[in-house]
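Here the protein sequences line up with chains A and B, keeping their order. In this text, residue positions in the first sequence follow the UniProt record's numbering: the first is 1, and each later residue adds one. In this text, residue positions in the second sequence follow the UniProt record's numbering: the first is 1, and each later residue adds one.
One or more hints might be untrue.
Here are the simulated lysine-lysine pairs, DSS-like style, with alpha carbons at most 27 Å apart [unchecked claim]:
id	chain 1	residue 1	chain 2	residue 2
1	B	120	A	234
2	A	288	B	151
3	B	288	A	308
4	A	142	B	292
5	B	151	A	292
6	B	60	B	37
7	A	292	B	366
8	B	142	A	292
9	B	595	B	485
10	A	24	A	49
11	A	178	A	565
12	B	292	A	292
13	A	2	A	24
14	B	292	A	151
15	B	37	A	151
16	A	119	B	576
17	B	60	A	288
18	A	400	A	445
19	B	120	A	151
20	A	151	B	239
21	B	292	A	138
22	B	142	A	288
23	A	120	B	234
24	A	142	B	485
25	B	288	A	142
Output of the computed footprint for chain A on chain B, the stretches with three or more beta carbons under 8 Å from beta carbons of chain A [stated by the list, open to error]:
id	region
26	221-229
27	294-308
Chain A is nowhere near these chain B residues, computed Cβ spacing over 12 Å in every case [as the list claims (entries may be wrong)]:
id	residue
28	120
29	127
30	130
31	148
32	290
33	409
Simulated from the structure, these hints should not be mistaken for laboratory data. Each residue gets a CB set at the ideal place from its N, CA and C atoms; glycine is no exception.
Number of protein chains: 2
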Amino acid sequence: MKISIKNHKSIEGNLNDNLMDLFKNNQLSLEAPCGGKGLCGKCKVRIIKGQANNITHEEKNILSSDEINNGVRLACLTHPVSDIDVEILNWKETNGNILSYGYMPEFNYNPPLKSVIVKKGDLDFSNNLSIEEVINNKLNIKSSISLEVMKNLSNVVCDSDEIEVVLHNDDIIYVGSKSLNNSIYGICVDIGTTTVVASLVNVYTGEEINSLSSINPQKNYGLDVLTRIDYCNKDGGLKTLQSLIIDCINNLISDLCVENGIDKDRIFEVVISANSTMNHVFLGVDPKTLGKAPYSTVFRHGRIENNKDFNLNINSLGKIYIIPSVSSYIGADIVSGIVVTSLNKRNDKVLFIDIGTNGEIVLSYKGGLLCCSCAAGPALEGMNISCGMRGETGAIEKVKIDNNGVKIEVIGDEVTPSGVCGSGIMDIVGELRRNGLINNKGRFKTKDDLTKEGLENLNHIIIEEPSRGIILHNNQCKSIVFTQKDLRQVQLSKGAILSGFYGLLNYIEMPMESLEQVIIAGQFGSHLTKESLINIGLIPDVLKDKITYVGNSSKAGAIMALLSKDIRFEMDRIIKDIEYVELSTLDGYDKLFTKCLKF
Amino acid sequence: MKISIKNHKSIEGNLNDNLMDLFKNNQLSLEAPCGGKGLCGKCKVRIIKGQANNITHEEKNILSSDEINNGVRLACLTHPVSDIDVEILNWKETNGNILSYGYMPEFNYNPPLKSVIVKKGDLDFSNNLSIEEVINNKLNIKSSISLEVMKNLSNVVCDSDEIEVVLHNDDIIYVGSKSLNNSIYGICVDIGTTTVVASLVNVYTGEEINSLSSINPQKNYGLDVLTRIDYCNKDGGLKTLQSLIIDCINNLISDLCVENGIDKDRIFEVVISANSTMNHVFLGVDPKTLGKAPYSTVFRHGRIENNKDFNLNINSLGKIYIIPSVSSYIGADIVSGIVVTSLNKRNDKVLFIDIGTNGEIVLSYKGGLLCCSCAAGPALEGMNISCGMRGETGAIEKVKIDNNGVKIEVIGDEVTPSGVCGSGIMDIVGELRRNGLINNKGRFKTKDDLTKEGLENLNHIIIEEPSRGIILHNNQCKSIVFTQKDLRQVQLSKGAILSGFYGLLNYIEMPMESLEQVIIAGQFGSHLTKESLINIGLIPDVLKDKITYVGNSSKAGAIMALLSKDIRFEMDRIIKDIEYVELSTLDGYDKLFTKCLKF
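Whole structure, please, built from the sequences with the hints as guidance.
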């Protein structure tokens, strides 16, 4: 099967191949900040001639009706079923220094990393100057060269006519003979409590080459940050968790290098965006004070560390930049989210919610920033739920309930479901509520109640023993049941986040109606439809049309920080300017929380 | 035997015990910057009652006639021969912050190292500040706390009510629970090509507690710096030499700690004063460019390194300060010498000579500084001499020749001599010259010549086969002979240094007579009497009364740098302001050198 690409050579594929994969296999590197999940809308193509699979639900959400009418598709969701002529629409965007990533504002491109070639013949060694001084003079900087770099300096100067100098914030971090590939790369890592995402970025072009993700292997030592903090207090616990995350990042970097043919020694910086606990553990700094008096982080500011202390799979002389964080529970991931959504520079009233194991909320009003953190717990992500599982093959990801009963969609074709993932759980609760199967206190109604309300045709999906619940699917061996206890977990999460939402608004006496936008951040959040957010009651009805999605803004912020000193400077400003509201100390918070628990 | 000390308890000793040793054994720590060699004049005592050995030649040089008449002695050269009453005259000098060391000018005491105690109750954790910020705020500084310090921070803050913070140039380098001993210490190291000296200094009182020395174990890999540089080019050579010097320094530090009951973890800084090659090798930086194009050092400026990269026997979080150097052959040891003798601040005309394996000369005139380096070779120190040896038991250290022949003094009582040390060699050449046994070209006269000149009674000490020479001592098994070849080595050294001397004066057209002082620096130089310097022709006759000694100014400069930020700043200024003269490029230098070879 032939794929003819406008203004480009043709490539070959097989029936039902994914178009994005075909491009990648042929070194046509398209933007895919969302990792090819149909979320970012970056990989637009126009089908000029030929047939492909039907347009998907996700594409309908992202593409305008004009685009759809003109045959525009997302490459990552398109499978040609015949010879096909396509045009890559974002083709030209890779020119210039800065790409406008999916969910990334324009910003000043001035990366701390820079590679410069110096000719030995141009160096002036007079006046007893040291090699260090001579190179500094040539570059018109005043860098104190680190011990590790100095160790190689005399060899390079004796052996090379052209010397490559890599600078980081005007510090000379590497000196070597000019290499054939003079591109330099960075890795941007979002360390979530549950998921770790790493991106390979060409620092010179600003291009995000590829992005890979992995489960955070620390998960086996606790689903939430408090459990992890506790584990750090065990003998060797901190060391164990640190090794796990470093190994995990190293595996992702190795895969990125292999898949994209990049030499790891050309990677000179890793940017880390993480919540405060993950930040502390990554650095090997005991996070105990995050969870007990004095309830402080050990550090908050942006830090530059040396890779030699971490042995990440990049150049041994590389740097690691840790994005600054606000407090124990408002981490660097949220600071990233703030720059990605320009919350710190906007004049409208915007609420930013990162839904994850912890829910963090930032309210931007007239340039002021207010934030809080809600201990949502992992229920919304499908953890701590009896039938919960990750969003992988076999997971129920969509649930619909109508008069006839439960309809499910399962990840993977014709697979027997084995559990429910986060988006499925959100669906269940939304549908339970919509169909009146639970009361507003979050209790399952009995079969008797349903009968009284004329819903007896739904009695067959309700169970009352050993506890109340709803049957999602009956296997031969076992049933998948969502129980009263599971519902309680979700309810607590929803109550925590919604009360944070109202808490912030109340704090500055802002009426909800004056909000102009509600931004849903986070990889997980981007899987939640507006409907399920409204149905479950996480977002009040009146805001439905103001909801937008920003995807993994933690990773996007890390990319911005990699590529811009200005962004790093802004991030340092944000942590000084933002006001943190400790919900539990607010007057009447307990009452508010109880109210927010109601469906 | 009883030693009664004025204003102190009495101590016990045996007949002929050394008074200084008795003081040390009784924890009476006196100043002894010269290591108890009678050079610094710091350990003055007054004998009130009782008898001791006769006053020595060295004491007569150092003490005024008034002092001698009043019974003043140097403890290090005094051996009581009866019960004795003494007064320690420098007893009071250990008060206050700065001691006036033997050869050390007054300087501003403001050490980079500082220990501060912070009470946890005084810390203000409000506003989500991190522990790092809270401690910085309390100390009114802005230190970015290093990763290693952070790792311990939460434990210390949780567990301690009183927290010790150690600062280095306003950087927080250590945080711990307040310790019982809150003194902090530094180690000052002079790395010579031949000898390594380490001093233990109490940073809080400024007191030099003790000083120990050792042969530089790199000696087995070459006597001079060029041979060592060559060795670094061998596979693993640099690593070998670096390990040797680090082990050597560690042994000295261990001994200093044990002898003085100091916990190594209370030592927070090591200051290194060394020539440029030793500096590079200590840091593990290849010194190849010192010896070949571009004939540059890799670094010159003062450097602060982390002990974790060196594993010296001090606190693992401690710092290492490398004193700046001028060029490949004017090292940090000379920069030390310049501050110790205040050459950079004087208005008179002074010549400073450090006689060692390399001879470095600095000329100070009206505040200007000019310097050069002469490849003297190790002959003056007794190396590369057929009968040469170190100044240890069995070495001929003094030689006198008169009409009757050769008279020698040997180190150690009634020991059979086994060789000649540096000062003995200087004596030999001086005496050969004074007695007319050699001509002005440096050739031994024949027995015939001596007979013609009426010196036939010296014929018995002259040999002509296998080569010409002089017999210093006849053992049963072997004779100790100083040969024509040995003489040639000394002559080349003398020529190198003297031509540097004249070269600098000629460079600014300064007549020798206008010199107001000639300072002899270096541990070795302090063993050379004015007479031998004049006799051998190293210093012209007319300057005899202008000669002074400054001892080990490399070590003294390191102590000053440990105790004063101002001195470090001055040192950085010196390397910018000093002018280096490359002798070999001077007009007529070859002619000058040939002239200076003559006796």
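Evaluation of the provided hints:
Straight-line distance between C-alpha atoms of residue 120/B and residue 234/A comes to about 25 Å, which keeps the hinted pair within the 27 Å bound. With a C-alpha separation of about 11 Å, the suggested pair residue 288/A and residue 151/B falls inside the 27 Å cut-off, and the hint holds. Straight-line distance between C-alpha atoms of residue 288/B and residue 308/A comes to about 25 Å, which keeps the hinted pair within the 27 Å bound. For the suggested pair residue 142/A and residue 292/B, the alpha carbons sit about 26 Å apart, so the restraint of at most 27 Å is met.
Distance hint between residue 151/B and residue 292/A is fulfilled; the C-alpha atoms sit about 17 Å from each other, no more than 27 Å. This hinted pair checks out: residue 60/B and residue 37/B have alpha carbons roughly 14 Å apart, not beyond 27 Å. As the CA atoms of residue 292/A and residue 366/B are separated by approximately 65 Å, the hinted pair breaks the 27 Å bound. Of the supplied pair hints, the one linking residue 142/B and residue 292/A holds, its CA atoms being roughly 26 Å apart against a limit of 27 Å.
Under the criterion of a C-alpha separation no larger than 27 Å, the hint pairing residue 595/B with residue 485/B is consistent with the structure, at around 19 Å. Between residue 24/A and residue 49/A the CA atoms are separated by roughly 21 Å; this keeps the pair inside 27 Å, and the hint holds. Of the supplied pair hints, the one linking residue 178/A and residue 565/A holds, its CA atoms being roughly 25 Å apart against a limit of 27 Å. Taking the CA atoms of residue 292/B and residue 292/A, the gap is about 60 Å. The hint is violated against a cut of 27 Å.
Under the criterion of a C-alpha separation no larger than 27 Å, the hint pairing residue 2/A with residue 24/A is consistent with the structure, at around 16 Å. Restraint check: the Cα-Cα separation between residue 292/B and residue 151/A comes to about 17 Å, which is no more than 27 Å; the hinted pair holds. Distance check on the hinted pair: residue 37/B and residue 151/A sit about 39 Å apart at the alpha-carbon level, beyond 27 Å; violated. Only pairs whose Cα atoms come within 27 Å are accepted, and residue 119/A paired with residue 576/B is accepted, the gap being roughly 26 Å.
For a cut-off of 27 Å, the pair hint linking residue 60/B to residue 288/A is broken: about 67 Å separates their Cα positions. Between residue 400/A and residue 445/A, the direct Cα distance comes to roughly 18 Å. Compliance with the 27 Å bound is thereby established for this hinted pair. Only pairs whose Cα atoms come within 27 Å are accepted, and residue 120/B paired with residue 151/A is rejected, the gap being roughly 42 Å. Restraint check for residue 151/A and residue 239/B: satisfied, since their Cα atoms lie roughly 11 Å apart, inside the 27 Å limit.
Of the pairs offered as hints, the one joining residue 292/B and residue 138/A holds, with about 21 Å between alpha carbons and a cut-off of 27 Å not exceeded. A threshold of 27 Å between alpha carbons decides the hint, and for residue 142/B with residue 288/A the separation of about 24 Å falls inside it, so the pair holds. For the given pair, residue 120/A sits about 25 Å from residue 234/B by alpha-carbon distance, which is consistent with the 27 Å threshold. Under the criterion of a C-alpha separation no larger than 27 Å, the hint pairing residue 142/A with residue 485/B is inconsistent with the structure, at around 50 Å.
Under the criterion of a C-alpha separation no larger than 27 Å, the hint pairing residue 288/B with residue 142/A is consistent with the structure, at around 24 Å. Given as covered by chain A, the region 221-229 of chain B fails the check, having 0 residues with a CB less than 8 Å from a CB of that chain where 3 are the minimum. Interface restraint, the region 294-308 of chain B with chain A: holds (10 residues with C-beta to C-beta distance below 8 Å; minimum three). Once the 12 Å rule is applied to beta carbons, residue 120/B is inconsistent with being away from chain A; the minimum gap is 9 Å.
For residue 127/B, the condition that its CB be more than 12 Å from all CB atoms of chain A is violated, with the nearest at approximately 8 Å. Separation of residue 130/B from chain A is inadequate, the least Cβ-Cβ distance of about 4 Å not exceeding the 12 Å criterion. The Cβ of residue 148/B sits about 9 Å from the closest Cβ of chain A, inside the 12 Å cut-off, so the non-interface label is violated. With a closest Cβ-Cβ approach of about 9 Å to chain A, residue 290/B is found to fall inside the 12 Å limit, against its non-interface label.
At roughly 43 Å, the least C-beta separation between residue 409/B and chain A is larger than 12 Å, which holds for a residue marked as non-interface.
Hint violations for this structure: numbers 7, 12, 15, 17, 19, 24, 26, 28, 29, 30, 31 and 32, all remaining hints satisfied.
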